[in-house]
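**Q** Listed here are the chains, written in short residue letters.
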Amino acid sequence: DQQVKQNSPSLSVQEGRISILNCDYTNSMFDYFLWYKKYPAEGPTFLISISSIKDKNEDGRFTVFLNKSAKHLSLHIVPSQPGDSAVYFCAASAPNTPLVFGKGTRLSVIA
Amino acid sequence: NAGVTQTPKFRILKIGQSMTLQCAQDMNHNYMYWYRQDPGMGLKLIYYSVGAGITDKGEVPNGYNVSRSTTEDFPLRLELAAPSQTSVYFCASSYSSGLAGGRGTQYFGPGTRLLVL
Chain H
1 DQQVKQNSPS LSVQEGRISI LNCDYTNSMF DYFLWYKKYP AEGPTFLISI SSIKDKNEDG
61 RFTVFLNKSA KHLSLHIVPS QPGDSAVYFC AASAPNTPLV FGKGTRLSVI A
Chain B
1 NAGVTQTPKF RILKIGQSMT LQCAQDMNHN YMYWYRQDPG MGLKLIYYSV GAGITDKGEV
61 PNGYNVSRST TEDFPLRLEL AAPSQTSVYF CASSYSSGLA GGRGTQYFGP GTRLLVL
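As you go down the protein sequences, you meet chains H and B in turn.
Here the first sequence stands for residues 1 to 111, numbered as in my numbering.
Here the second sequence stands for residues 1 to 117, numbered as in my numbering.
Read the hints as simulated data drawn from the structure, not as lab findings.
Treat each hint with caution, since some may be false.
[To be verified] In silico DSS-like pairs for lysine-lysine, Cα to Cα no more than 25 Å straight-line:
no.	chain 1	residue 1	chain 2	residue 2
1	H	K56	H	K103
2	H	K103	H	K5
3	H	K5	H	K71
4	H	K71	B	K44
5	H	K5	B	K44
6	H	K54	H	K68
7	H	K103	B	K9
8	B	K44	B	K57
9	H	K5	H	K54
10	B	K44	B	K14
11	B	K44	H	K103
12	H	K68	H	K5
13	B	K57	H	K5
14	H	K71	H	K54
15	H	K56	H	K68
16	H	K103	B	K57
17	H	K103	H	K68
18	H	K71	H	K56
[As the list claims (entries may be wrong)] Derived DEER-like restraints, expressed as beta-carbon distance ranges:
no.	chain 1	residue 1	chain 2	residue 2	range
19	H	Q2	B	K57	15 to 25 Å
20	H	E42	B	T20	16 to 26 Å
21	B	N65	H	I110	43 to 53 Å
22	H	E15	B	T105	23 to 33 Å
23	H	M29	B	M41	18 to 28 Å
Just so you know, even glycine gets a beta-carbon here, dropped at the ideal spot from N, CA and C.
Assemble the whole structure, with the sequences as input and the hints as a guide.
**A** Below is the structure:
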């Protein structure tokens, strides 16, 4: 039973354009959401997070949007750069419970 | 700060062998975690610890054991290795206080690639 779903295994975007990575969740108790980025042969690194009391959080080129009614969040990267090419994991947690990760989406930014 | 370090980077085990994956962090984090990542899959939590002397099972604990005798170290023990344990193992740590539970940003090590033949 997958509680956090990233239905697109891969995404290709041209440099300078917007990248939109999507994530759906099923557990209505989730109230904290994060995105992690992973390069090959490295561990994941934290990118951005959002609490359920917000519907948007922005950090430079990265913005996460949360739609609680749809149980959906998305990560927008504008403008996309070749160095953004990586696997992006969506993660969620309920109070006092560990994070649950999605399967990841591989983003390729083409110069 | 070295952050989170893991050893070894890569290991081949024969079925039935045992080994310990080492993990250490120098950030004085109270929470530590072990995940495995199978090809095309997300990270699955094996065990976690909220502080020295306290550990708890995650989603996929069978076949593994952990201990946390110090704040810095969180070794993962594989007893009787099986081919199903072929995976990449990541250790992570975070700091959380009070009601935040395990919400702190997790810092990951570079991973240990394990092949069981």
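**Q** What's the verdict on K44 of chain B and K14 of chain B, does the C-alpha distance respect the 25 Å limit or exceed it?
**A** Holds, because 23 Å separates the two Cα atoms, which is no more than 25 Å.
**Q** Check the hint pairing K5 of chain H with K54 of chain H against an upper bound of 25 Å on the C-alpha distance.
**A** Distance of about 21 Å is within 25 Å: holds.
**Q** Using the C-beta atoms of N65 of chain B and I110 of chain H, is the stated range 43 to 53 Å upheld?
**A** The hinted range 43 to 53 Å holds for N65 of chain B and I110 of chain H, with Cβ atoms some 45 Å apart.
**Q** Quick check on a hinted range of 15 to 25 Å for Q2 of chain H and K57 of chain B, using CB atoms only.
**A** Holds, at about 19 Å.
**Q** Please work out if K103 of chain H and K9 of chain B have their alpha carbons no farther apart than 25 Å.
**A** holds (23 Å)
**Q** Do the alpha carbons of K103 of chain H and K5 of chain H lie within 25 Å of each other, as the hint requires?
**A** Holds. K103 of chain H to K5 of chain H sits at ~7 Å (cutoff 25 Å).
**Q** Verify the proposed pairing of K103 of chain H with K57 of chain B, using a straight-line Cα cut of 25 Å.
**A** Status holds; Cα separation ~21 Å.
**Q** K44 of chain B and K103 of chain H: Cα distance at most 25 Å?
**A** This hinted pair holds, its Cα atoms lying about 10 Å apart.
**Q** Would the hint linking K54 of chain H and K68 of chain H be met if the CA-CA limit is 25 Å?
**A** holds (10 Å)
**Q** What's the verdict on K56 of chain H and K68 of chain H, does the C-alpha distance respect the 25 Å limit or exceed it?
**A** The hint holds at about 11 Å.
**Q** Is the Cα-Cα distance between K56 of chain H and K103 of chain H 25 Å or less?
**A** Holds, because 23 Å separates the two Cα atoms, which is no more than 25 Å.
**Q** Decide if the proposed pair is consistent with the structure: K5 of chain H and K71 of chain H, CA atoms, cutoff 25 Å inclusive.
**A** The hint holds at about 11 Å.
In terms of the numbered hints stated before, the structure departs from none.
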